[in-house]
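Colleague: One-letter residues, chain by chain:
Protein chains: 2
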Amino acid sequence: MAFTTKASISTFGGTLLKLTHDSPTTGTPMALNLFLPPTQTAAARSPLLIFLSGLTCTPDNCTEKGFLTPHAAKLGLALLWPDTSPRGLDIPGENDSYDFGSAASFYIDATAEPYSAGYKMETYVAKELRELVLAEFADKLDADRVSISGHSMGGHGALTLYMKYPGVFKSVSAWAPISNPSKCPWGEKAFAGYLGDDKEAWKKHDATELVKGWKGPLNCLIDVGTGDNFYKQGQLLPENLEKAAKDAGVEGLEVRYHDGYDHSYFFISTFAEDHVKHAAKFLGL
Amino acid sequence: MAFTTKASISTFGGTLLKLTHDSPTTGTPMALNLFLPPTQTAAARSPLLIFLSGLTCTPDNCTEKGFLTPHAAKLGLALLWPDTSPRGLDIPGENDSYDFGSAASFYIDATAEPYSAGYKMETYVAKELRELVLAEFADKLDADRVSISGHSMGGHGALTLYMKYPGVFKSVSAWAPISNPSKCPWGEKAFAGYLGDDKEAWKKHDATELVKGWKGPLNCLIDVGTGDNFYKQGQLLPENLEKAAKDAGVEGLEVRYHDGYDHSYFFISTFAEDHVKHAAKFLGL
Chain V
8 MAFTTKASIS TFGGTLLKLT HDSPTTGTPM ALNLFLPPTQ TAAARSPLLI
58 FLSGLTCTPD NCTEKGFLTP HAAKLGLALL WPDTSPRGLD IPGENDSYDF
108 GSAASFYIDA TAEPYSAGYK METYVAKELR ELVLAEFADK LDADRVSISG
158 HSMGGHGALT LYMKYPGVFK SVSAWAPISN PSKCPWGEKA FAGYLGDDKE
208 AWKKHDATEL VKGWKGPLNC LIDVGTGDNF YKQGQLLPEN LEKAAKDAGV
258 EGLEVRYHDG YDHSYFFIST FAEDHVKHAA KFLGL
Chain L
8 MAFTTKASIS TFGGTLLKLT HDSPTTGTPM ALNLFLPPTQ TAAARSPLLI
58 FLSGLTCTPD NCTEKGFLTP HAAKLGLALL WPDTSPRGLD IPGENDSYDF
108 GSAASFYIDA TAEPYSAGYK METYVAKELR ELVLAEFADK LDADRVSISG
158 HSMGGHGALT LYMKYPGVFK SVSAWAPISN PSKCPWGEKA FAGYLGDDKE
208 AWKKHDATEL VKGWKGPLNC LIDVGTGDNF YKQGQLLPEN LEKAAKDAGV
258 EGLEVRYHDG YDHSYFFIST FAEDHVKHAA KFLGL
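These protein sequence lines map, in sequence, to chains V and L.
Residue numbering for the first sequence follows the working numbering, starting at 8 and increasing by one per position.
Residue numbering for the second sequence follows the working numbering, starting at 8 and increasing by one per position.
No lab work stands behind these hints: they were computed from the structure.
Quantities reported herein were computed from a predicted structural model and do not represent experimental measurements.
Partial pick of chain V residues on the chain L-facing surface, computed with a CB cut under 8 Å:
1) 16
2) 17
3) 71
4) 74
Ranges between beta-carbon positions, derived for each pair:
5) V:240 x L:50: 40 to 48 Å
6) L:124 x V:105: 37 to 45 Å
7) V:175 x L:267: 31 to 39 Å
8) L:259 x V:102: 49 to 57 Å
All residues carry an ideal CB built from backbone N, CA and C; glycine is no exception.
Could you put together the complete structure from these sequences and hints?
Modeller: Below, the structure written as structure tokens:
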């Protein structure tokens with residue numbers, strides 16, 4: 008077993024595993040949580056939904072507060088919560104900001120020094136961790152049925168990884184995603200720091216740019232709260248993604264705006280059932 | 008309005024209010040959370056379920072991680088999460104232990120100095136706060152339909168306040184309650200500190216003693232995880248409560264043991280729906 012099991016917790020009839028492993032991609036130990044629903048058999052392995060968390064989070068925040076688990080348990084869906092960045096690389100300044108460095112990887116492979124050393128969270132999530140979890144739990148999980156979702160920075164991660172790796176994920180959903188990072192303060196700071204100043208290079212990591220080249224339906228659900236201060240401040244820009252998809256003739260993008268809802272886990276948990284059901288639909292459940 | 012509103016948050020179609028007020032009972036500011044389900048009318052005010060939290064908790068832990076809210080929202084039930092002790096009395100040693108003093112009131116009125124100064128959480132919860140919430144939200148809440156529940160130390164609080172104030176609460180439920188505090192290390196430490204060494208005086212605050220004098224059905228649901236380390240260590244002793252109820256001929260006590268479940272919010276949230284439905288049944292929903 009490549010993973011060390013820190014805890015095995017009964018919940019909603021299934022098992023929540025708190026795991027760690029040493030990642031060659033990031034060069035650090037990495038923590039993750041994995042929920043296995045009540046029953047899997049060799050003939051009926053569970054599909055998997057990955058949830059990418061937002062700024063400041065560890066794998067625990069959404070595991071404890073997102074309320075995806077009861078709905079996943081009911082449908083027979085496994086859940087994976089990765090961490091939001093490498094931890095402990097000791098890069099100078101890594102821990103100084105809530106929106107850059109530690110817990111703020113933006114799920115891209117950094118190309119600019121010094122973050123290029125281990126901030127490779129695109130490769131870590133989309134390849135290393137996904138493949139490792141599917142291999143280590145091959146008797147329980149169906150490698151051909153994986154979807155991805157996320158919140159805020161993790162919504163950006165979910166949307167971009169979905170479009171960067173066509174066919175790997177069957178559907179995508181996001182709560183309050185950073186939808187056009189090249190055009191908002193959070194994204195500008197992160198992309199300049201991780202990728203450098205060439206804004207052409209940023210486009211490969213921006214959902215609003217990527218959707219212009221998407222073929223087929225997007226299989227995407229997005230929820231946004233109109234009381235979300237980050238939405239009001241122009242950090243999320245979901246309308247830009249909607250417009251780009253529409254202009255490019257891309258179908259299968261549903262964006263819902265919810266009156267008064269904020270950016271918190273009270274918002275995420277409220278719509279967790281819808282996102283689990285959205286994934287379940289594309290995962291054959 | 009006796010309360011100061013620190014936050015008003017949309018969740019599950021209703022509103023979560025984070026409130027504070029100055030309590031004459033404790034002599035301190037007190038924090039609480041209140042969930043109001045989607046709709047109330049003068050003709051159809053909501054019943055209220057109080058949840059008392061366990062050691063180390065603030066009102067936020069269960070609000071964020073207990074997942075009572077979606078089930079309450081669906082049924083039209085309001086929820087109230089009080090704090091677990093006064094805060095800021097600056098009694099020497101108050102903050103030194105996780106299981107005594109701050110966040111560990113045991114929901115009794117202390118009679119021993121120095122805690123008798125403000126550790127009056129029985130009166131605070133059962134009278135002051137309950138009456139204040141019902142009065143301030145009289146247009147939304149039905150004062151005649153209130154139930155109580157809790158976890159661990161809060162399960163002890165729920166069971167004892169329910170039996171100390173017959174008729175005030177229509178039903179009671181508890182997750183992993185400290186069921187016989189006179190006979191376990193947590194309870195012995197707390198009762199000695201808050202009440203002094205006269206063990207006869209402890210009996211008035213011990214569910215296993217109180218149930219011997221209970222008239223009528225208990226309307227009580229209790230869940231316990233068999234993987235709960237505190238259960239295994241003899242801190243909870245639900246069997247003592249079961250035996251005392253049986254010996255006294257008290258009916259309406261259902262205690263369920265769940266294989267492998269622990270003491271955490273992953274256990275609480277798993278059975279939250281059952282506890283909300285238990286209360287709802289006695290509250291006419």
